[in-house]
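All chains, please: the whole structure from these sequences, using the hints.
Letter by letter, the chains look like this.
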Amino acid sequence: MRVTVNNLTFAYTQKLVLNNLSFSLKSGEFLTIHGKNGAGKSTLIKCFLKMLKVNHNAIFLDDIDINNIKQFNNVGYVPQKTEFNYEFPITVFEVLSCAYVKKRDAYYTEIVNAFDLNKIYHENINNLSGGQLQRVFIARALLNKPKLLILDEPTVGVDIDNIKTLHDTLANLKKNGITIVLVSHDMDFCSDLTDYYLILNDLCEYTFKKAGDGNVPC
Amino acid sequence: MFLASFFEALFKYDFIQYALIAGILVGILAPLIGTVVVIRRLSFIADTLSHFSLAGVCIGVFLSKLVDWKIFDPLFMGIVFSIMGTFIIEKLRGFYKNYKELSMPIVMSCGVALSGLFISLSNNIDSKFTSSLLYGSIYSVSTTDLITIIVITIIVFIFVILTYKKIVTLCFDETYAKVSGINVNLLQLALTIILALVISLFIDIVGVLLIASLMIIPVASAILVGDSFLNTVVSAILFSEFSLVTGFIISYHANVTTGPVIILINVTILIIIMIIKKLHSSIKKAK
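Protein chains in written order, with our numbering: chain B, 1 to 218; chain R, 1 to 287.
What the hints contain is simulated information worked out from the structure, not anything from laboratory work. Check each hint, because a few of them may be wrong.
[Said to hold, decoys possible] Calculated pairs, DSSO-like style, for lysine-lysine (alpha carbon to alpha carbon, straight line, at most 27 Å):
| # | chain 1 | residue 1 | chain 2 | residue 2 |
| --- | --- | --- | --- | --- |
| 1 | B | K70 | R | K178 |
| 2 | R | K284 | B | K53 |
| 3 | R | K277 | B | K119 |
| 4 | R | K100 | B | K15 |
| 5 | R | K178 | B | K26 |
| 6 | B | K145 | B | K26 |
| 7 | B | K53 | R | K277 |
| 8 | R | K178 | B | K15 |
| 9 | R | K91 | B | K53 |
| 10 | B | K102 | R | K165 |
| 11 | R | K128 | B | K119 |
| 12 | R | K166 | B | K50 |
| 13 | B | K50 | R | K165 |
| 14 | R | K165 | B | K46 |
| 15 | B | K53 | B | K145 |
| 16 | R | K178 | B | K46 |
| 17 | B | K46 | B | K70 |
| 18 | R | K100 | B | K50 |
| 19 | R | K166 | B | K103 |
| 20 | B | K119 | R | K165 |
| 21 | B | K15 | R | K277 |
| 22 | R | K178 | B | K103 |
| 23 | R | K285 | B | K119 |
| 24 | B | K50 | B | K147 |
| 25 | B | K103 | R | K165 |
| 26 | B | K46 | R | K100 |
| 27 | R | K128 | B | K50 |
| 28 | R | K12 | R | K65 |
| 29 | B | K147 | R | K166 |
| 30 | B | K147 | R | K165 |
| 31 | B | K53 | R | K178 |
| 32 | R | K166 | B | K46 |
| 33 | R | K178 | B | K102 |
| 34 | R | K91 | B | K46 |
| 35 | B | K145 | R | K165 |
| 36 | B | K119 | R | K70 |
| 37 | R | K178 | B | K145 |
| 38 | B | K70 | R | K65 |
| 39 | B | K119 | R | K287 |
| 40 | B | K174 | R | K178 |
Here it is, written out as structure tokens:
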């Protein structure tokens with residue numbers, strides 16, 4: 001999926017957060033977003049997901065203004081742990097089957113197998129490790145065959161082995177032509193997969209650069 | 001003997017049959033909606049709406065004494081006020097960005113004040129009627145009330161079956177629900193209206209003061225034992241039904257109001273589960 005951001009400006013009631021932000025991604029490209037807390041990373045993701053109202057002609061997905069998109073059929077989202085109700089009594093099976101609009105079919109089974117979720121299929125999500133939880137959320141995001149995958153801090157609370165698995169999964173998805181937008185504090189995670197970096201700071205300034213063009217500013 | 005005489009009366013008197021059917025239906029509805037209310041951390045809204053719904057019932061009683069219009073039927077007025085209450089709460093939440101919870105006590109106080117006012121304006125209201133509003137009187141369920149309860153139960157069931165996946169997704173992860181194309185605002189509105197409908201139905205059965213308990217306490221017990229959403233809902237319904245049927249039998253024999261007995265049984269179940277949970281985790285730690 002092609003992503004175009006065109007002079008995106010966003011302000012909360014009293015605070016400007018994103019100022020004239022512009023960049024574009026082609027299908028299958030990988031964008032990593034860095035920035036300190038409060039720099040606008042989450043705000044940008046919320047703008048992408050239409051959780052916040054943005055101006056017309058500011059964000060385009062496959063050349064369609066997101067304000068004209070009624071339903072995101074092609075966008076997958078992997079939230080931060082703090083964003084969902086993690087005390088909710090729910091099993092992996094329920095998380096996945098409720099996210100899958102259709103009847104469970106071969107594709108559903110393929111995703112469950114691909115993320116090795118069979119062993120934890122009937123586990124309550126409260127009993128899962130950080131890595132297992134991320135696998136569940138990525139599987140859920142992929143159930144609806146997204147062309148754009150947005151991940152918000154997926155490595156938080158995940159051990160080294162599972163970070164490696166997560167990296168390989170994203171590499172595989174990139175190979176399959178899925179555009180990936182990753183928000184991460186971890187500068188090294190997926191640096192080999194990243195095509196572009198977007199670095200935001202708390203002065204509403206940004207740097208959008210191709211990977212390999214000099215150092216990535218922190 | 002204890003049970004035999006209850007069942008003998010059950011087969012003999014229509015009003016006991018109506019009461020039991022109404023109780024069983026409410027025993028399913030209350031925890032079903034209660035689970036969503038608790039999980040979305042809206043427990044206090046049930047209490048607020050029940051008090052505002054009471055105002056509708058009292059105004060209905062007052063007006064139906066003045067004019068003989070069906071529209072002023074107290075149960076119907078209770079439903080209308082309950083739904084109005086949800087919109088007023090939502091409006092008030094918009095006024096207080098940082099003190100959103102203020103909307104609830106404001107609406108609740110308004111409901112209590114209106115109820116008090118219209119009870120005093122309605123002549124010939126006896127203390128028995130007031131007591132039945134506060135603590136319920138399930139044995140006074142009429143055929144019309146029963147039909148209303150059956151219709152609302154069917155509506156709620158159809159709604160839950162049709163939107164089950166969406167409700168679970170909304171409760172678990174609101175952001176994902178929005179991203180996946182669920183009309184979150186519409187679903188929330190529908191859930192709130194159903195909550196308002198169910199609450200106004202309960203006034204007859206458990207009374208205003210105990211409505212929230214009937215929705216919340218079985219769910220509080222179920223959350224401690226349930227390891228999936230479905231499991232939690234089913235456990236909550238089982239606890240609720242057990243307390244309702246037992247409460248019926250005990251209150252019939254002891255000749256006391258049914259509502260409080262049902263709630264006290266629910267609280268007992270909760271305490272027993274808490275103790276078992278505590279013992280279980282202590283044994284686990286010791287191992």
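Each hint, compared with the structure:
Under the criterion of a C-alpha separation no larger than 27 Å, the hint pairing K70(B) with K178(R) is consistent with the structure, at around 11 Å. At most 27 Å may separate the alpha-carbon atoms for a hinted pair to count; K284(R) and K53(B) exceed this at roughly 50 Å. Our distance criterion of 27 Å between C-alpha atoms is met by K277(R) and K119(B), whose separation comes to about 26 Å. A threshold of 27 Å between alpha carbons decides the hint, and for K100(R) with K15(B) the separation of about 22 Å falls inside it, so the pair holds.
Restraint check: the Cα-Cα separation between K178(R) and K26(B) comes to about 25 Å, which is no more than 27 Å; the hinted pair holds. The straight-line distance between the Cα atoms of K145(B) and K26(B) is roughly 18 Å, inside the 27 Å bound, and the hint therefore holds. For a cut-off of 27 Å, the pair hint linking K53(B) to K277(R) is broken: about 46 Å separates their Cα positions. Simply put, K178(R) and K15(B) have alpha-carbon atoms about 25 Å apart, close enough for the 27 Å limit, and the pair holds.
About 21 Å separates the Cα atoms of K91(R) and K53(B), which keeps this hinted pair within 27 Å; it holds. Of the supplied pair hints, the one linking K102(B) and K165(R) holds, its CA atoms being roughly 11 Å apart against a limit of 27 Å. Simply put, K128(R) and K119(B) have alpha-carbon atoms about 59 Å apart, too far for the 27 Å limit, and the pair is violated. For a cut-off of 27 Å, the pair hint linking K166(R) to K50(B) stands: about 19 Å separates their Cα positions.
Taken as a hint, the K50(B) and K165(R) pair is honoured in the structure, with Cα atoms around 22 Å apart against an allowance of 27 Å. For the given pair, K165(R) sits about 23 Å from K46(B) by alpha-carbon distance, which is consistent with the 27 Å threshold. Of the pairs offered as hints, the one joining K53(B) and K145(B) holds, with about 25 Å between alpha carbons and a cut-off of 27 Å not exceeded. Between the alpha carbons of K178(R) and K46(B) the distance comes to roughly 11 Å, so the proposed pair stays at or under 27 Å and holds.
Between the alpha carbons of K46(B) and K70(B) the distance comes to roughly 16 Å, so the proposed pair stays at or under 27 Å and holds. A C-alpha spacing of about 24 Å is found between K100(R) and K50(B), which places the hinted pair at or below 27 Å, so the restraint holds. At most 27 Å may separate the alpha-carbon atoms for a hinted pair to count; K166(R) and K103(B) meet this at roughly 14 Å. With a CA separation close to 23 Å, the supplied pair K119(B) and K165(R) stays within the 27 Å bound.
Proposed proximity of K15(B) and K277(R) is contradicted: the alpha carbons are some 48 Å apart, above 27 Å. Of the supplied pair hints, the one linking K178(R) and K103(B) holds, its CA atoms being roughly 21 Å apart against a limit of 27 Å. This hinted pair checks out: K285(R) and K119(B) have alpha carbons roughly 25 Å apart, not beyond 27 Å. Annotation: proposed proximity of K50(B) to K147(B) holds, straight-line Cα distance about 17 Å (limit 27 Å).
Taken as a hint, the K103(B) and K165(R) pair is honoured in the structure, with Cα atoms around 12 Å apart against an allowance of 27 Å. Using a Cα cut-off of 27 Å, the hinted pair K46(B) and K100(R) holds, with the two alpha carbons roughly 23 Å apart. Straight-line distance between C-alpha atoms of K128(R) and K50(B) comes to about 54 Å, which puts the hinted pair past the 27 Å bound. As the CA atoms of K12(R) and K65(R) are separated by approximately 33 Å, the hinted pair breaks the 27 Å bound.
Annotation: proposed proximity of K147(B) to K166(R) holds, straight-line Cα distance about 22 Å (limit 27 Å). The hinted pair formed by K147(B) and K165(R) meets the criterion: a straight-line CA distance of about 23 Å does not exceed 27 Å. Taking the CA atoms of K53(B) and K178(R), the gap is about 13 Å. The hint holds against a cut of 27 Å. Our distance criterion of 27 Å between C-alpha atoms is met by K166(R) and K46(B), whose separation comes to about 21 Å.
This hinted pair checks out: K178(R) and K102(B) have alpha carbons roughly 18 Å apart, not beyond 27 Å. The hinted pair formed by K91(R) and K46(B) meets the criterion: a straight-line CA distance of about 25 Å does not exceed 27 Å. In summary, the hint linking K145(B) to K165(R) is supported, as the alpha carbons are separated by about 18 Å, within the 27 Å threshold. Of the pairs offered as hints, the one joining K119(B) and K70(R) is violated, with about 59 Å between alpha carbons and a cut-off of 27 Å exceeded.
Only pairs whose Cα atoms come within 27 Å are accepted, and K178(R) paired with K145(B) is accepted, the gap being roughly 17 Å. Only pairs whose Cα atoms come within 27 Å are accepted, and K70(B) paired with K65(R) is rejected, the gap being roughly 51 Å. About 25 Å separates the Cα atoms of K119(B) and K287(R), which keeps this hinted pair within 27 Å; it holds. This hinted pair checks out: K174(B) and K178(R) have alpha carbons roughly 25 Å apart, not beyond 27 Å.
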